[in-house]
Amino acid sequence: MRNRLKVLRAEHDWTQEELARRLGVSRQAVNAIETGKYDPSLPLALKVGRLFDKPVEEIFFPDLPVQS
Amino acid sequence: MPATTSTRANPSPILYSGLALVAVLVAHVFVREAGFAAGQGVRLVLTSVLIAAMVVFVVSLVRVARSQDEYHRQVHQEALVIAFPLSLVLVFAVGYLRGEGFLAGRDPRDLWLLLLVPYGLGFIRSSRKYQ
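For the record, the sequence lines run as chains A and B. Counting from -2, one number per residue, gives the positions in the first sequence under my numbering. Counting from 233, one number per residue, gives the positions in the second sequence under my numbering.
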């Protein structure tokens, strides 16, 4: 799943460590989410939305379908 | 109870599991190498210490896992998914090899050490998947 987490974090001038602290997760978790390697759970995604004051749908996007 | 951000926030379970593992290894070697006769009181006490230390080690590992965030729990869970069938294969193979006379000189009490390998492999594989 793609996301705008890195962009939003940069807009607030937060490090990954700072964002992780605000979300209550590890820095590795933030990095994995930003790189698309890990999809957050629903509670965590909602927490991200509340932190940036945006709907979850504006932060996380499904992967583009593969063209056959 | 929400998970802490990382195991750094709660080092005690890691410390306990590390100490317990050291105790297990020391008692494991001491029971075999100290030369006490089987059934002797001292050896039984050491064996009891070994088992108790192993229980502490496992309980501490569970506490470490519970204290981690969802990302690290996912990594460990996927490591177990890989480790469990690998462990089955390993124990199966060791059993049949021993039955055929191979590994005759090896102490069967060392098998638990081998079972750490599948988990290590699983952890490496799942860590790389999410990095």
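A few of these clues could be false.
Unchecked claim - Straight-line alpha carbon distances no greater than 16 Å define the calculated EDC-like cross-link-like pairs of lysine to aspartate or glutamate that follow:
id: 1; chain 1: A; residue 1: 44; chain 2: A; residue 2: 55
id: 2; chain 1: B; residue 1: 361; chain 2: B; residue 2: 310
id: 3; chain 1: A; residue 1: 44; chain 2: B; residue 2: 302
id: 4; chain 1: B; residue 1: 361; chain 2: A; residue 2: 31
To be verified - Simulated restraints, written as ranges between beta carbons of each label pair:
id: 5; chain 1: A; residue 1: 54; chain 2: B; residue 2: 246; range: 57 to 63 Å
id: 6; chain 1: A; residue 1: 33; chain 2: B; residue 2: 332; range: 47 to 53 Å
id: 7; chain 1: A; residue 1: 51; chain 2: B; residue 2: 360; range: 28 to 34 Å
id: 8; chain 1: B; residue 1: 305; chain 2: A; residue 2: 62; range: 42 to 48 Å
id: 9; chain 1: A; residue 1: 43; chain 2: B; residue 2: 325; range: 42 to 48 Å
id: 10; chain 1: B; residue 1: 344; chain 2: A; residue 2: 39; range: 48 to 54 Å
id: 11; chain 1: B; residue 1: 323; chain 2: A; residue 2: 46; range: 45 to 51 Å
It is worth saying that the hints were derived from the structure and are not from the lab. In this text, a Cβ means the ideal position worked out from N, Cα and C, and glycines have one as well.
Checklist entry - Failing hints, ascending? => result Hint check: 5, 8, 10 fail, others pass.
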